[in-house]
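Peer 1: Sequence:
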Amino acid sequence: MRYVLAILLLIAGWSCEKRSITAQEIVDRALEVACSGNCDNAAVSFTFRDRTYKSVRNNGTFQFERITIDSLGRVRDVLTNNGFARYRNDSLQKIADTTAIKYANSVNSVHYFVQLPYGLNDDAVIKELLEETEIAGIPYYKIGVQFKQAGGGTDYQDHYVYWIHKNNFTVDYLAYDYVTDGGGQRFREAYNPRTIEGIRFVDYKNFKPTVEGIATAELDSLYALDQLKLLSTIETENIEVTLLD
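Read in the numbering used here, the sequence shown has 169 at position 169, and its numbers run on one by one without any break.
None of the hints are false.
Here are the computed lysine-lysine pairs in the DSBU-like style, where the Cα-Cα straight-line distance is at most 35 angstroms:
| no. | residue 1 | residue 2 |
| --- | --- | --- |
| 1 | 54 | 127 |
| 2 | 94 | 54 |
| 3 | 229 | 54 |
| 4 | 102 | 148 |
| 5 | 54 | 208 |
FYI, nobody ran anything at the bench for these hints, they're computed from the structure.
Hey, can you work out the whole structure from these sequences and the hints?
Peer 2: Okay, structure coming up:
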């Protein structure tokens, strides 16, 4: 009898441990899967919508670039820890602060999405474990993300939700709401996963809801009911990764 009771207590303790996993632990596991420890020190280049993007991350310092070729030559937008600069044919351009902020946000947004979930452990990120759910019969953790105003950027009021596979800890879906340009919501389905130098990259199907008034965290229910409208596909091409010492 004592032996049976001990086994039951062990099972109960194991079940409690499984239920008590935190948002932080889930994100840490997702980062292990996505980065293999390599995201902090890597140079990444890729093509997105006919523009070339480059990032260098090295022990907390970063440089994000966007290179555009137009009729007047080459425009290089550069965002670093120290701020934003625009170069045309290697000549530094003088631009208004409001314009610089707009360009910097645009450059940062592309690099941010390409290497998700990397970045979810930044100091400004507030993570919350929402309810567990299933999509197409597959179990997911649902992680809500908000941002502190200090360090959260100009879009700190946006909210994100990540659906992280309960078994392999991949980010298979994400959703967010935003307040700029009139506001709105988006839901993204990851596809075409590939791993280069230990770093996982995906493309996305980009949807918006066809009904209003639903919480961003519940957009998976509209996805299940086929009540999301496909707006675009977000494809990252010609990816190259160099690991830094």
